[in-house]
Structures are given as structure tokens and as C-alpha cells.
Amino acid sequence: ELNPNSLEYKLLASGMNWKPVTFRTIQIGGAVTALAIGSLFLGGLVGLVLAGVVYFALNAWLDDKVKSRGKAIDKYLPIAVGRIAAGLLAGGAPPEVLNTVAASLELEGKNPLSPELYLTAAEMRSKDRRDALVALAERSPSVSLSNLATLLMGYIEAGGGKYAETLMDISTRVQQILSARNRAQAKAGDVMVSTMILPVMLILVILYLSSDPLFAASLQEGPVQIVLAGTVLAMVAGYFVLRSMIQEAV
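If you read the sequence shown in this note's numbering, its first letter stands for residue 369, the second for the next number, and so on.
Please note that a few of the clues may not be correct.
Stated by the list, open to error - Straight-line C-alpha distance at most 27 Å; calculated DSSO-like pairs for lysine-lysine:
no. : residue 1 : residue 2
1   : K443      : K433
2   : K387      : K433
3   : K439      : K387
4   : K387      : K435
5   : K435      : K478
6   : K478      : K433
Stated by the list, open to error - Label pairs and their computed distance ranges (CB to CB):
no. : residue 1 : residue 2 : range
7   : L487      : S436      : 16 to 26 Å
8   : G383      : L457      : 26 to 36 Å
9   : A461      : T393      : 36 to 46 Å
Calculated directly from the structure, the hints in this document are not laboratory data. Since this is a predicted model, take the numbers as computed values, not measurements. Ideal Cβ placement from N, Cα and C applies to all residues, glycine included.
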């Protein structure tokens, strides 16, 4: 069983075909590069702070990849749940229904949900069906997809009937919930873009002024280093606090 907080789980849930050692290599390489460039232009203390920012920013980026993939899956779930429920009501076997729904979604365009349904269908044919659905729930970056896996487990254990009708009802509710969430996410995206403007402008101004020899020399002074490092940490902390608040809201 994968730990949801482990790097292996996050890479799997994000849809990236990377091994943990590959990610760590890129993460450390990015931090070292930030340290070298930051130390060259802004001094050792600022370079050290930038290295830490890059290291932890890559972790945040991976977390965002997991969440964004979950949100992308959620966009296709209302249609998928309706089709799954219809297939089960028609008497189809769960593996065949999942495979058919995955294929129908794929015909409409590339999406992150079809691979999950294909894999689950294949696992249901090769091992215990409940174990296959448990695996889907554990690796899924979408809470809604995990809930669907749980409902399918109940359907299999109960032998159908009321669970197929329940799935049909849920598809309508999920559509309403996700429509409201998508509108909120669009507004949140505008706010996040706004929070990036000030740091980018500050960096551009510092780079421009650093072309002056006197200003470049002053950047190496201890007090200036402390102020710059503190400013970078404050901006980064503020960004992540705001980011966390927005993510909780949507």
C-alpha cells in the first residue's frame, strides 16, 4: 500500500513517468544551480536562500501536478459516471463497462481518466476485483474518483441493483458540484497570477540595477544580503500562504 505522502505515490498520482531518484536528481541539481547563479549575482546568502526556495518549490510543483490532474479527472467524471451506471444497469460486467467507457472518452479526446479506467479494468480481469478497485482508490489524485471506486466495490459486493441506480443519481450531483468548483478555480487562477507580478517586477528591477558596478558591489555587503534574503523569504512565504488559502477555498 502506497503512502499518499510518499514521493513514489505523488509521482504516480501526477501521471509523470519518473522514478523517485530522477525527481530527486533534478531537485538537487536545480537547487545547486540556483545557489551558483544567486551567489554570482546577488551574493552567497541570497544564493543559499534561492537554493532552498528552488528545492521546496519543486515539491510544491509536484503537489500542484497531483491536484491539477485530480481536477482534470473531475471534469470527465460526470460523463464517465453516467456511462458506467448505464452500462451496469444494462447488465454489463464491471471490467467490460470500465473498458468501454474509457474507450468512449478517448474517442472524444485525450484525457487523464481513460488510462485509470483501462488499468483498473485490466487489473479486475487479472486479480480480485475488489483489490483492483482498492488500488484505484489509493492511487487516484481525485477524491471523486476514489469515491467512485468505493461505490463500485459496494456494487460488486451487493451484486448490483440499487448501486447502479445510485451511480446514475450521483452523476447529476457531481456535475453540479464540479461546475461550481470550476468557476471558483477560474477566479482563483486570476488571483494567483496577480500574486506573481510583484516578485517578477522586483527581480527584473534588481537585475537591471545590477548592471551598475556600484549597485552590484553593494549587493555583496552583509546588511544588503540580509535584507534581500529576508525579502525573498517573505515573498515566498506570502505566496505559499495565499496559495494554500485559495486551494482550501476551491
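Quiz item: Okay, which hints does this one fail, numbers in order?
Solution: Of the numbered hints given earlier, the structure breaks none, since each of them holds.
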